[in-house]
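S.K.: From first to last, the protein sequence lines stand for chains A and B.
All residue numbers for the first sequence refer to this note's numbering, where the first residue is 1 and numbers rise by one.
All residue numbers for the second sequence refer to this note's numbering, where the first residue is 1 and numbers rise by one.
Simulated from the structure, these hints should not be mistaken for laboratory data.
Even for Gly, the Cβ is constructed at its ideal location relative to N, Cα and C.
Careful, some of the hints might be misleading.
Rough simulated footprint, nothing fancy, chain A against chain B, three-plus residues with beta-carbon under 8 Å [unchecked claim]:
no.	stretch
1	114-122
2	136-150
3	174-187
4	194-201
5	291-305
6	316-329
7	375-384
Here is how the chains run, residue by residue.
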Amino acid sequence: MSSFISFTIFGLVSGAAYAIAASGLVLTYTTTRVFNIAHGAFGMVLAFVFWDFSERQGLPLWFSLVLVLLVVAPAAGWFVSRFVTKGLGEAPVSSSLVVTVGLFVGLIGLAQQIWPPEARFVPPFFPETSFQLGDTFVTAHQLITILSSIVVAVLLYLLLNRTRIGTAMRASVDNPELLKLFGGRPERVASLSWAIGISLAGLGGVLLVSVVGLDYYALTLLVINAYAAAMLGRLKSLPLTFVGAMGLGLLTSYASAYLPTEGLLNSVRNVVPALFLFAVIIILPQAQLRIGQVKGIVSAPLPSLGKAVGWGLGLLAFVGLLAGTSSQANLLLVGTAATYAIVMLSLVLLTGYGGHVSLAQLTFAGVGALAYAKLEQPNLYGLVLSALIAAAVGGLVALPVLRLTGLYLALSTLAFASIMDKMIFQADFAFGFNGTLPAGRLSILGTAITSTGGYVFAMSVFLVLVAWGLLLLRRGVLGRMLIAMRDSPAACGTLGLDMRWFRVGLFGMSAGIAGLAGALFAGLRGTIGSADFQSFNSLPLLLLAVVFGVTSVTGAVLGGTGLMLLPVLSSGDPQLGGLLFALIGFGAVFAGRDPNGLANLIFRGGRLVESRVAPQVMSRLPDLPGRGGRRRADGDSPGDGSVEVPLSQLTNEPAPVEDQKEVGAHVAARG
Amino acid sequence: MARPSRDRTAGARLLAVATLTLALAACGSQLEPGDVSTAGGTTAVDGTVPGAGGAVPGATVPGTDPGAPVVPGTDPGTTTPGGSTGGTGATGADAGGGTEGGSAGTGENAPTGTTEAGSCEGFDNDQTGVTADTITIANASDISGPVPGIFESAQLGTRAFAAYFNSTEELCGHKLEVLALDSRADAGSDQQAYQRACDESFASVGSQSAFDFGGAGTAQACGLPDLRAYSLSTDRTNCTTCYAAYGVRPGQVPNAMPQYWVKQEPDAVEHVAMLYVNAGAAPENASAFRKAWEANGWNVDIFQGIDVSEFNYAPYVQQMKDAGIEFVNYIGPYQFTVKLQQAMAQQGFTPKVFLQDATIYDAAYVEQAGELGNGVYAYAQTNLFDDFSIAEMKLYRAWLDQVSPGAEPNIYGVYAWSAARLFVEEATKLGGKLTRKTLLAALAQVRDWTANGMHVPQDVGAKTTANCASIIQLDGGTWSKVSPGEFLCGSMSNLGS
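Required output: the full structure, derived from the provided sequences and hints.
M.R.: Here is the structure:
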């Protein structure tokens, strides 16, 4: 019995840490509707700042604490709310998630850059003081952690429910315009929320750092466990969040103590927070659709059929050239880029067209690779079957949460990825712990592709085929439904469209594409293991996809190349690695609002060249017999549906050009 | 209109405070107080990249006098055995370097040892990685990645030996050039690095990667001799062209260490807790160790994995207290060892023995653990890094300091140096007959390799787990050997792979 009490006390200590972290998450979400994936990363950076002040510079502990929690953290929160997340709550969930994932990656990079790896240690508060409760010792630091969590919970509750500013905070998320009419200032309210939220992240970081250690990832990822607690309170209720945090803490402590140390239940111990998150999400009530909003985005232009075929063949020709001239080592890099590009195409379908975010695409790729290796059928049959298995798993993930939308769906994929990482992929029936599986190179119609160059070319063929398939789908009825679903689920519901099963199918299709990529990657590598598909890497994957453009095939190809190059460039100079991460992360923060990404800049550049430079060039060319260019401008249609207007007829009025980009709700307007 | 203005003013004020505070934290204050006080009074190292040709920066060799000033790019260095040296060697080779401040050995500690050099007649310069005057060896270790620099010591160890060799020796007219590759703690990158090694180097030497299965197939497919510092995965052990200075055959566990503790602490081994990090090879190893140690008379009451994301170790400590544990064995990174020891100290739990493998035989652990580390035991397969009675260890420390001043020695560096020495000695023996195939055949015959006493005997060619170890203890920040003799050696438990 005394042991049980001990485990309860330890659980409460863990729960207190989760509670502080989850409270900050809930506060920022409740008041600004931005789910801050980077909450833990802020805590990590602030813990480093605390170490810098207190240990490296030798400032008094209390002064360091005051500086971090009352100056640096609020200032960071204010900065983020004013320059990063302003208006993000009204943006699609995909945008707000990507921006905070950008902060997540950027902050890790920043920390690596400012504080290069070395042994650092932050001692606990009052290290010599502890209190004995029966057989258990509670240190002063642990007691401070528990008390802090209670104080934070009470103060936040009072702030939100008993003060004017708290009421304004809650009002600002429901209708900031109305708040303005009543004399409130939503921006100031948001700034205050973020200032407090980041201070809480800092408090969590400072309290945990002596236990977790100063590590870029451990502190950052630890807070992901707190998502489950926050989710129990549906990201709104602070009391329920507190209960969820304490419940999670107790659960993990009891699991450590009482679960068997071998067999399946042993692996359950490691995924308790993820299972808790998944369970909480499943029991959440039906998500309410937000009425009166159309959150459309102007997508990247769809290429004409001719252009799609031309660019696809051009890409194949380019890869063919590389296959013939590059070294084997570089070809492996090209193959890796092709893998990432195909996975990103799965995100184009899911996020770019469908408006849903998945944080588990690499895990689906892992499922495809595992199936491919296990099937031992290195041929088209095995490849297709692997993709189908991954698609079925993707559907299964979406199935339990088909009542939910946006953020909840994304977080369920995060929980799924974590469970796969620590439980399924490591199991004996899968890769095995630290294990690998051999995977043969693909053979097509009985012809084995043994050379790396040939295999990489085959991979790029699949890349192009998937891309063409997506473009065809986008042009059809299904594509229009996807866009409608993305832009306004409420409007779709009003029109009688049941989006729930459609969403399951979409998830399945997207996972299938990722699975195809994983299977091809397995063949490229020859040996494949769970380490190749760590769930954490799905975050930079999503980030790069958005930075380069998650609404277009071009963005996926560029993003895949970028993701492949990122570690290559940073390995040239390890110190540069942190800087690159910071650049990519913070770049995504500003690019995240436009999911068309850098690819759109290329499209604009292309159109500019087409409209301004090309006519001038053409006009200077001699009108040779057989050249159709200049004659075509005299009246023939270019064949891609566009209308060309002679320069002499241009007026200030917009030309009657039929908009080919999108049909339907493209207006980012509020009704 | 006044309000926005006031907002801006308040905002600007806040931003100014934040900027000032962050600048204090991040920029100017990166200088240590000590650095500030000595600014302008210290001599910067020269701009030469260590081991990148020309002279290496001047450095004090532990236990020797600093060398005389040198001019980079002059004659090949001359050396004085065991003492301060001068001169420099401009070899033009990547791993070349002078011997400024360096050290040189004689006899078995000479760059080629006591090996009788084979005739250079018929040396084939038309081999991959071989030119008229250089032989390129690749080293693919985890340099960047989630834990930057995690196995950089293996690359430094290889470069250190290459620099030592180049300072005085040639292999049939060839200097050694090190192709430094980064396996980036990723299996795919390891494969890519090995593909480059296949294409651009004669052999791979001293590599160390967390996910070393990635390039195993690639190395075997191209016939690349891969003489690693450590071999971690089953794939790498099974690779027919791969050997390691520190080999591990899954399922083979030495008995000497557990038997030592049965004699020393017969009561404590009746109540053992084995805790391991639930990641990488640790669970597999822990399971094998448990079987072997129980076969040697230990009684393991608690056998439990701890997830990498766990931060509250108190429940595990409570379990140990409840079970009356007297002997704790932990398998995992030293950072997690410190967490466990913190929780043990907080809960007032002091077992008779806290034992870990040589992972904690690392300066970073000593620094981070502080007083918590006092009394901890480790079983090591190397001699003490500070044992300068071992001339080879002294050489390693000296040349490590040459290629990377201030770098700390560790087990990966020792075995990388060892691998590089083994490569050189075998290649020297082969002389003009040196090819990838002949080198592989030679490596297959290597037994009882100790790199002149740096580490326990390793049956490199048989790819078996070493059956020796020494027990060392940390006290007051210093490690000392507590087991008798040089190493404890004994039989092996074969548990099957």
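S.K.: All hints, please: hold or fail.
M.R.: Results for each hint:
no. : hint    : verdict
1   : 114-122 : violated (count 0)
2   : 136-150 : holds (count 7)
3   : 174-187 : holds (count 4)
4   : 194-201 : holds (count 4)
5   : 291-305 : holds (count 4)
6   : 316-329 : holds (count 5)
7   : 375-384 : violated (count 0)
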